[in-house]
Each structure stands twice: as C-alpha cells, then as structure tokens.
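Residue numbers (my numbering), protein chains in the order written: chain Z, 1 to 204; chain L, 205 to 539; chain B, 540 to 659.
If you are wondering where the hints come from, they were derived from the structure by calculation, not from laboratory data.
Here are the computed lysine to aspartate or glutamate pairs in the EDC-like style, where the Cα-Cα straight-line distance is at most 20 angstroms:
| # | chain 1 | residue 1 | chain 2 | residue 2 |
| --- | --- | --- | --- | --- |
| 1 | Z | K15 | L | E399 |
| 2 | L | K454 | Z | E68 |
| 3 | B | K568 | L | E399 |
| 4 | L | K506 | L | E537 |
| 5 | L | K394 | Z | D16 |
| 6 | Z | K69 | L | D457 |
| 7 | Z | K64 | L | D525 |
| 8 | Z | K107 | B | E542 |
| 9 | Z | K19 | Z | E7 |
| 10 | L | K401 | B | E563 |
| 11 | Z | K64 | L | D397 |
| 12 | Z | K15 | L | D424 |
| 13 | B | K658 | L | D254 |
| 14 | L | K394 | Z | E20 |
| 15 | L | K394 | Z | E13 |
| 16 | L | K258 | Z | E168 |
| 17 | Z | K69 | L | D397 |
| 18 | Z | K64 | L | E453 |
| 19 | Z | K76 | B | E563 |
| 20 | B | K656 | Z | E138 |
| 21 | B | K658 | L | E253 |
| 22 | L | K394 | Z | E11 |
| 23 | B | K658 | L | D248 |
The residues making up each chain are set out below.
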Amino acid sequence: MVKQKIENCSEQELKDLLKEVQAEHQKLVMAEAEVKEESLRQKYHQQVLANEEQGKYIQQQLGKLYQEKAASVQPKALLMRNIARAFLVGGLICTFGQIVLNFVMLKFGLETREAAGIVSVTVVVITSILTGFGIYDEIGRFGGAGCTVPISGFANSIVSAAMEFRREGLVYGVGAKIFTIAGPVILYGTIASIVVGIIYYLVG
Amino acid sequence: MGKRIGRQTLQFTEEITIRSFATVVGRKEAEGPLGPFYDYVFPDNLFGEDSWEKAEQKLQQYAVELALEKVKLEAQQLDYYLGGDLLNQIIATSYTARKIGVPFFGLYGACSSLVEAMILGSCLIDGGFADLLVACASSHHETAERQLRYPTEMGVQRTPTSQWTVTGSGAYLLGKHTGDWKITHAVPGKIIDREIKNNADMGSAMAAAAADTIITFAADTGMINQIDYVVTGDLGIVGYKLCQCLLQEKGIDLGERYSDCGMAVYHAEQQDVHAGGSGCGCSAIVLGTRYLTQLLKKKGEKLFLVGTGALLSPTTNLQGDSIPGIGHGILIEKV
Amino acid sequence: MLEGIAAAFIVGGIICVLAQIFIELTPYKITPGHILVFYVVTGTFISGLGWYQPLIDFAGAGATLPLSGFGHILAQGVIEAVDEEGLKGIFTGGLSAASMGITVALMMGVVMSLIFKPKG
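Please build the complete structure, drawing on both the sequences and the hints.
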C-alpha cells in the first residue's frame with residue numbers, strides 16, 4: 001500500500017485497512033517463524049517490519065483526522081490574560097528585588113554585583129517560606145511564567161519537591177527528588193558555562 | 205441462553221441489582237453542586253492519616269463500609285471485592301481489600317475502573333459465582349498530582365483543557381433480585397488510541413473510546429433511543445463536546461439526554477477546575493449521587509453509563525507515546 | 540530607594556512574558572522545567588557574548604532575578620576564572636560563582652521539608 005493512497009482514505013476505510021494489516025501481520029509472523037533458512041527469514045522479517053510500519057502509519061493517519069476534530073472543540077487559550085498576569089507577577093517580583101537591591105547598596109555600600117547576590121538569596125528564602133506555607137503554588141497558578149522564570153520559581157521547584165517527597169524518606173525521597181527540576185537547570189547551566197569557558201579560553 | 209448481543213454487548217439473564225451505594229468525598233467536592241448529597245465528607249485531604257496514599261485507602265474503605273451498613277450487611281457476607289484506583293500498582297485498593305478480607309480482584313482501567321468492576325461483578329453474579337459483591341473505585345487529587353504531574357506545592361499554571369482529579373470514592377453493592385436498580389446490559393470497551401499525546405488533555409484522548417462504545421451499543425441493541433440518560437465518566441467539557449461531535453457524525457443525536465460526570469462534579473468557573481473533574485472517583489461519586497437518585501423518581505427509566513479511562517503511563521508519555529483511551533458501558537434501569 | 544524600579548518592573552515583566560508566550564504558542568510539551576533550563580542556558584550564552592551586562596545596568600533586579608540572570612552569573616564566573624586560572628577555570632568558574640544561590644536553595648529545600656508538610 002502506498003502512502004499516498006492511505007492519505008486519501010476516509011476514516012472508515014482506514015479502520016478497515018488497519019484490520020487487514022493486522023490480519024496480515026499475524027500470517028507474516030507465522031511464516032517467519034516457520035522458515036528455517038536464515039536468508040529467507042531475513043526476507044520475511046523485512047515484510048513483517050514493512051507491515052508494522054504500515055500499521056503505524058494508518059494509525060497516525062487516523063489520529064490526524066481525529067485531532068482535526070478535537071482541535072475544533074478545544075477551548076481558546078487565554079493568551080492575552082495569561083500574558084498580562086505573567087507581566088504583572090514577574091514585574092512585581094523584580095520590582096521587589098530592585099527595592100531590596102537599592103536598600104542593600106545604600107545601606108552596606110555594596111556594588112551591584114554583590115548586592116544582586118544578596119537579593120537573589122532574599123528572594124529564594126522568601127519563596128521557600130511561602131512554599132512551605134502553601135502560598136506560592138496559588139501565586140504560580142495565577143502568574144504562570146511570571147512565577148516560573150524568576151529565581152523564585154527555581155527555589156519553589158526545589159522546595160516543593162523536597163516537601164512533597166519527605167514521606168518517602170530523607171535519601172530517596174527528599175535527597176533524590178529535590179533535583180527533579182533543579183537538577184536539569186544546574187546541569188545544563190554548568191554545561192553551558194563550560195562551553196562559554198572553552199570558547200572564551202580559545203578566543204579571548 | 206443468548207447472553208451476548210451483536211459484537212460487544214452483554215445481556216444479563218439474572219436480575220442483577222444495585223442494592224446500595226455510598227459516596228465519600230473531600231472538601232472541594234462537597235463545595236460542588238452535588239455537595240449536600242454525598243454520604244460522607246472528609247474535612248481535609250489527609251483525613252487524619254500521615255500520607256495522602258493512606259488517606260485514599262481510607263476513602264475507599266469508608267465508602268465500602270457505608271454501602272454495606274446502608275443495607276445492614278457485613279463485609280464478611282461479600283463474595284468478592286472488585287476495585288481499582290489510580291495509584292501505582294493500585295495500592296489503595298489492595299490495602300482496602302486487605303482490611304475487608306474477602307476474595308479480591310484488583311482492576312486497573314484508570315478512570316473507567318468503577319464500570320469495569322461493575323461489569324465483571326455483574327458477570328460473576330450472572331454466572332452464578334456470587335450473590336453479593338462490591339464494586340468500588342477511588343481517586344485522590346494529591347496522590348494523583350504527585351504521581352502524574354508536579355509536586356503539589358509547585359506553582360504551575362494549569363491549561364484550559366486540564367481536569368481536576370476528584371478526591372472521592374464510590375462503592376456499589378451488587379446483588380440479586382433485591383435493590384432499586386438493575387444492571388441489564390454491559391458493553392466492555394475497546395482501546396481506542398487516536399494519537400493524543402497531551403497529558404493535560406485527557407478528555408480528547410478518551411472521547412473517541414467513549415463514542416465508540418456508545419455507537420457499538422446503539423448498533424448492537426438498537427436501544428439507544430430508549431435511553432433516558434447517556435452519561436460519560438470524566439470527559440470534561442472538551443471531551444464532552446468532542447464525543448457529541450463524533451456521535452452526531454454517526455447519526456446519534458442525544459441532545460439533552462447526554463451528560464458527563466466530569467462536568468457535574470464542580471462549579472467549573474468558581475472552583476477553577478478548567479475542563480472539569482476527572483479520576484476514578486469522578487464517575488464513582490456522581491453516578492450514585494446524581495443519576496441513581498434521579499432514576500428513583502420515575503419507574504422504568506434507563507441510564508447508560510460509559511466509564512472512560514485514559515490509560516496513561518507517565519513513563520511512556522515522556523517517551524513520546526500516545527494515550528490509549530477506553531470506555532466501558534453499562535446499562536442501569538430503575539426496577 | 541525607588542530608583543530603577545520602573546525599569547526593573549518592565550524588563551522583568553517582559554522577560555517573563557516571553558516565556559509565557561513561548562509556553563502558550565508551542566506544543567504542550569514545554570513545561571516549567573524546560574523553560575527554566577532554556578532561560579539558564581540562553582542567559583549563559585548571551586552573557587558570554589557580553590550582551591547581558593548592559594541589560595543589568597539598565598534594569599538591575601529586573602535582569603538579575605530571572606533565571607537568565609543565573610546564567611549570567613555562570614558565564615561571568617567562568618570568564619573570570621579562565622582569566623585567572625586559565626584552562627582549569629573552565630571547569631571551576633561556573634559552579635563556584637553560582638554556588639551561593641544553589642546552596643541556599645538546596646538548604647531551604649531540606650529545612651522546609653523538615654518543617655512543613657505539603658498542603659495540596
């Protein structure tokens with residue numbers, strides 16, 4: 001069966017076709033099983049694989065037809081609303097950070113870079129406490145990416161995972177699951193820094 | 205005997221009855237539209253236990269005990285216990301079965317578990333292997349979240365197609381001859397997989413299977429026009445609309461007669477549940493509380509319930525495989 | 540005390556909005572984890588090119604708090620370490636610079652898990 005023909009089939013035709021392919025598969029497998037000679041076996045096996053490929057393709061085609069229907073009843077994404085919320089919440093977190101930054105720089109006479117580190121730590125600590133009290137997940141549900149992207153989202157993912165899996169013990173619970181989301185961030189951040197380092201070493 | 209009609213439909217010859225049922229829910233469900241009608245409401249999601257998994261076990265146990273107590277029977281009189289839930293290795297059900305201490309079949313049909321249990325239970329009774337058994341299913345919002353999605357305290361935005369797993373359990377006592385409702389037909393479903401891969405859109409993943417079961421039932425029995433209520437388990441708004449579309453394509457227009465448990469369990473807007481409720485507990489609590497009591501009002505009314513299940517595995521979902529859907533149908537009638 | 544907060548609000552907000560648009564307009568597979576990883580990696584490279592510092596000069600916390608700012612710390616750390624230690628710095632610079640944030644977050648995670656139970 002050529003792919004083009006399958007593409008033009010109706011849903012019912014595809015279903016019938018799938019049954020045919022299924023019935024054929026069983027026969028082919030038996031044929032392959034019965035053959036003793038290795039070269040012949042290879043030949044049959046190729047046929048089995050081709051049959052499986054075809055079945056998969058029909059299945060996908062059926063899925064495609066279905067997904068077109070599904071798309072028509074999908075609720076509208078609340079794009080503008082979510083964007084507004086992300087802007088508001090993300091902006092406010094950064095504004096809070098900026099106020100702390102100004103305060104730290106003024107009070108301790110630190111330069112921006114060191115002060116920024118203190119701001120990050122402050123935000124991490126506050127987020128952790130909010131997560132502990134079960135408040136940050138509510139903010140996150142409202143703010144979406146506005147709550148995920150700032151470092152508070154990073155802290156929240158660490159603390160929530162640690163809390164969630166405390167019941168599974170300190171080693172395989174807290175210890176392992178704490179890195180569920182933080183792990184990839186740290187890992188790929190580190191890899192990226194190595195790449196930057198290598199390039200800088202060679203170029204700079 | 206002729207116990208099978210057409211390709212897939214079972215027709216029971218014994219009069220299999222639902223002798224009683226009980227529903228146990230959490231607080232969010234009690235705040236929903238059916239709130240006043242549940243048998244037992246747990247005040248919080250831990251129920252005094254030290255883990256959510258234990259709490260879910262308790263949900264199921266209370267439901268079974270209440271269902272038994274309503275007709276003044278004891279657990280030891282049960283011939284079988286059939287049940288399922290969403291946890292790994294359906295552990296909440298196994299623990300409940302451990303407490304109840306009667307022969308046990310643990311079933312996994314995701315959110316279709318209750319109807320799966322009711323069908324197999326009816327078969328056992330019809331075959332003469334049992335006189336009294338309980339079919340039960342439970343789900344718990346937090347156990348499902350932590351297992352299938354994110355830690356519960358993580359601030360994640362939910363998409364409009366996502367559904368809220370119900371905290372609740374329903375137990376249905378099946379017997380012979382005595383009881384207000386009888387189970388006359390059943391349609392064990394086929395897996396229908398239409399390559400939906402989005403685990404936040406279970407409604408679409410299950411709608412094809414639900415529609416297939418309803419269409420098969422219509423073709424096998426020709427009775428679809430005599431059914432007063434056609435109910436799907438937990439398709440939610442998205443799946444409900446899609447299923448209606450699919451049925452209309454085949455010339456089955458149910459109109460007002462078609463409804464969905466997932467849409468009945470919460471106030472969608474105020475309770476922020478997006479597309480509606482889901483989980484094994486969803487159809488388990490709504491079937492009794494809303495539909496069975498509704499059936500009581502008028503003699504001879506018929507209800508066709510399709511328990512829908514998205515047989516999702518987090519592992520294969522991450523590997524990029526699609527979500528197989530299933531719909532088991534059962535026909536319940538007022539005696 | 541209030542200088543620069545408008546810039547922080549707007550730039551911080553826009554960085555978050557970009558992620559939101561990214562989530563909404565891409566297939567369902569993009570999860571918060573993907574977003575966080577994407578921002579850290581992107582931030583690292585942008586900073587490596589020297590384009591992130593001007594943003595911080597302009598927006599302060601609006602640029603340091605989003606996770607791209609975390610990437611900036613990694614990149615600047617590795618660059619300085621390479622300047623000081625040469626080849627060895629490639630492997631020590633990033634994590635050393637970011638160690639405070641990671642350590643505090645991990646510590647808070649353990650502490651909170653011992654104090655609080657998740658409420659669901």
